[in-house]
Amino acid sequence: MKFASLLKKELREMLNTQTIFMLLLMLFMMYGMGGMLNKSAEKASEESSRITICDLDDTKFTQSVLMFLEHPTSDMQNEVKTVTLKSDDYAAELDRLDVNSFVIIPEGFTDDINNGKQAKVTYVSRMTSMSMLSNVNVGSETALQLITSAVKTAMYSDFKNRGKLTDDEAALIEAPVTVDECTIVRDKSENISQLILYSSLYSRSLFMPLVVYILILLGSQTMINAVSAEKLDKTLETLLSAPITRLHVISAKMLAAAAVALLNAVVYMIGMNNMNLSPTGDIGEEYTKMIEKLGLVFDFRTYLLIGVQMLLTMLISLSIAMILGAFAKNIKSSQTLLLPLMFVTIVPFMACMFLDISTLPGAVRYVLYAIPFTHTFMASDTVMFGKTELYTAGLIYQAVFLIICMTIAVKIFTSDYIFTAGEFIGRRKKKKHAEEDQ
Amino acid sequence: MEDNRPSVLSVEHLSKQYKKGVYASQDVTFDVKEGEIFALIGPNGAGKTTTIRMIATLLKPTEGDALVGGCSIKTDPAGVRENLTYLPDEAGAYKNMKGRQYLRFMAEMYAKDRSQVEGFVKEAEKICSLGDRLNDKIETYSRGMTRKLLLARTIMSKPKIAILDEPTSGLDIINALEIRRMIKVLASDGMSFLLSSHNMLEIEYVSDRVGIIARGHLLEVGRPAELLEKYKADNLEDVFELVVMKKDITGW
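Read top to bottom, the protein sequences are chains G and C. If you're matching positions, the first sequence starts at 21 in the working numbering and goes up one per residue. If you're matching positions, the second sequence starts at 310 in the working numbering and goes up one per residue.
Next up, chain G with everything else stripped away, as it sits in the complex (with noise of 0.2 Å):
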């Protein structure tokens, strides 16, 4: 009895309003991802069925070919859209035609498979961030596939007919067509499959978030512990009876956190060039070049774009932390309080960790907008390809954001809500408790 007791205390103790309303936040928080990533893989598989190529080889192998893409079986229908290209632009070709990656079907190509030999066909596609699910398979890469199959389906009756198969057939039949990949960011093009981008980039496009997501967690943590800590202990009564003005106080404070914050940017920043060094270095100096060559490198100016971002997003959540520090009654409300905070930083950040939010479906896409945090998130895809419009219009919403912020937290703490405005929020249940006294 006694140890059912102190069970029941204990959990009446850990599972307290907090929990249960942060269990709920993430409940609803998971949904919410659940249904933004199924859409985005619901997308990615309607895109699989649609194949854009150019057959330029044109024989009747490569017509039952592109027939073969359209029924690969007998439950499957691609959708398949024979193109030809007006130059070797392959970035003004993809936007001509308005794809994001198409197939060539090479001059000579039936020639090389009745000869015997490997076929060559080119995959052109087209990156336009480094979130996980924006990097899968999408129609022309599933077309290669089933250019492969179709090929090796040819080429396995044609031996079947001739009888027994030598050492390099048998070769050829296991990989009888190989792969050029040119991959696309922005207007320039590199002979570099995505594949490749994406894991000699990957460590950097997640580290990028979680350090500013840690970043806004221990900013505003370390703010309204000061904020509450100050008023709680009375220390801005007296502070604020001294002679000086409240602007500076509050300027102070926002300064200090800043640069505090500044030096916490500048440190991940260091070690987050530091972390990217060895993946990059790995797969060799020509593929390094190529990065190069896309533009696809953390060099000063990319630093200085999300570093912008980095510290208004921390300015941001600072000034939140503040006005919320001003009505915390006491330290584990500070943290209550802190809640709907870490909820709106958790959502853009895991959305943009496997998604490219730019195109994600209006409405959701707009609610995280509005989030100012989901620009400094998206800062390195929308600085490293050159989505300037995105990123801009990020800059120019954080600044307005932060400038009412500024402004409630400047009202605040040169009104008595400063004093007032905890006290209000438990005004009702002392009232209730004072009655009871009566």
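Misleading hints may appear alongside valid ones.
[What the hints assert, rightly or not] The list that follows gives simulated cross-link-like pairs (lysine-lysine, BS3-like), each with its CA atoms no further than 30 Å apart:
hint	chain 1	residue 1	chain 2	residue 2
1	G	254	C	404
2	C	446	G	431
3	G	352	C	431
4	C	541	G	254
5	G	349	G	254
6	G	172	G	80
7	C	342	G	431
8	C	342	G	273
9	G	254	C	446
10	G	22	G	352
11	C	328	G	349
12	G	431	C	369
13	C	342	C	446
14	G	349	C	404
15	G	273	G	63
16	G	254	C	539
17	G	254	C	328
18	C	383	C	467
19	C	383	C	329
20	G	273	C	383
21	C	404	C	328
22	G	254	C	493
23	G	349	C	329
24	G	352	C	328
25	C	369	G	254
26	G	254	C	329
27	C	469	G	59
28	G	254	C	407
29	C	421	C	469
30	G	273	C	431
31	G	273	C	329
32	G	28	C	431
33	G	254	G	273
34	G	431	C	493
35	G	208	G	101
36	G	352	C	467
37	C	431	G	431
38	C	493	G	273
39	G	349	C	407
Honestly, the hints are just simulated from the structure, not real lab data.
Given chain G's structure and the hints, the job is docking chain C onto it.
Only chain C this time, still in chain G's reference frame:
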């Protein structure tokens, strides 16, 4: 006997109304003379702290005004803050600072130049008599030591008036006695004090005049001895009870 000393603090019809007609303090009027110890007494929630916070320019009054050293809390709060210091009830100090660091930090808020900072710190060191413990972090201080440090901080700059909210709350008898003695000595040197307390026996001992406040109203003002005589009471607690009953505000 009429007190001809000039007023350092004049509170005139001061009121603070929160939303929906809730008055924390209503039409409060009193003054504090130079070198006088004036105490506001009343139970918790009587409106003492709200009145004090308005005088210390922390809260804006809804009605009325107060002049501190001739500066209005409404029109010249910066001037008011030059003339007073405030020690809130149960106030803490920055725990990560050492005692001396804290004194220096606060001295810098009040001083006009470096030499004045040094003067203030030296004065505070003398007042708090914490000796070498001033080199230790405040987090290692007992409650009494912290209170002494804060009191030293409050009076080191020799303000025209020092406002002390519950100056001895939570202190042991020895520390409380020492602080009361200190206040009396400083007042005899010309510094004015506005105290607030619900410890009426303490106030009876230390203050020159008291104001009895309940439910936001200042109900009576006078010297302790005069009030005891007027209400034929043995102590201020009895006076308080009689004043509240007389004004028919019980049951609010």
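Each hint, compared with the structure:
no.: 1; hint: G:254 - C:404; in the structure: holds, 12 Å
no.: 2; hint: C:446 - G:431; in the structure: violated, 34 Å
no.: 3; hint: G:352 - C:431; in the structure: violated, 39 Å
no.: 4; hint: C:541 - G:254; in the structure: violated, 39 Å
no.: 5; hint: G:349 - G:254; in the structure: holds, 12 Å
no.: 6; hint: G:172 - G:80; in the structure: holds, 16 Å
no.: 7; hint: C:342 - G:431; in the structure: violated, 35 Å
no.: 8; hint: C:342 - G:273; in the structure: violated, 38 Å
no.: 9; hint: G:254 - C:446; in the structure: holds, 18 Å
no.: 10; hint: G:22 - G:352; in the structure: holds, 28 Å
no.: 11; hint: C:328 - G:349; in the structure: holds, 19 Å
no.: 12; hint: G:431 - C:369; in the structure: holds, 14 Å
no.: 13; hint: C:342 - C:446; in the structure: violated, 38 Å
no.: 14; hint: G:349 - C:404; in the structure: holds, 19 Å
no.: 15; hint: G:273 - G:63; in the structure: violated, 47 Å
no.: 16; hint: G:254 - C:539; in the structure: violated, 38 Å
no.: 17; hint: G:254 - C:328; in the structure: holds, 24 Å
no.: 18; hint: C:383 - C:467; in the structure: holds, 23 Å
no.: 19; hint: C:383 - C:329; in the structure: holds, 23 Å
no.: 20; hint: G:273 - C:383; in the structure: holds, 26 Å
no.: 21; hint: C:404 - C:328; in the structure: violated, 35 Å
no.: 22; hint: G:254 - C:493; in the structure: holds, 25 Å
no.: 23; hint: G:349 - C:329; in the structure: holds, 22 Å
no.: 24; hint: G:352 - C:328; in the structure: holds, 27 Å
no.: 25; hint: C:369 - G:254; in the structure: holds, 18 Å
no.: 26; hint: G:254 - C:329; in the structure: holds, 27 Å
no.: 27; hint: C:469 - G:59; in the structure: violated, 71 Å
no.: 28; hint: G:254 - C:407; in the structure: holds, 18 Å
no.: 29; hint: C:421 - C:469; in the structure: holds, 16 Å
no.: 30; hint: G:273 - C:431; in the structure: holds, 28 Å
no.: 31; hint: G:273 - C:329; in the structure: violated, 34 Å
no.: 32; hint: G:28 - C:431; in the structure: violated, 56 Å
no.: 33; hint: G:254 - G:273; in the structure: holds, 16 Å
no.: 34; hint: G:431 - C:493; in the structure: violated, 40 Å
no.: 35; hint: G:208 - G:101; in the structure: holds, 24 Å
no.: 36; hint: G:352 - C:467; in the structure: violated, 38 Å
no.: 37; hint: C:431 - G:431; in the structure: violated, 37 Å
no.: 38; hint: C:493 - G:273; in the structure: violated, 37 Å
no.: 39; hint: G:349 - C:407; in the structure: holds, 27 Å
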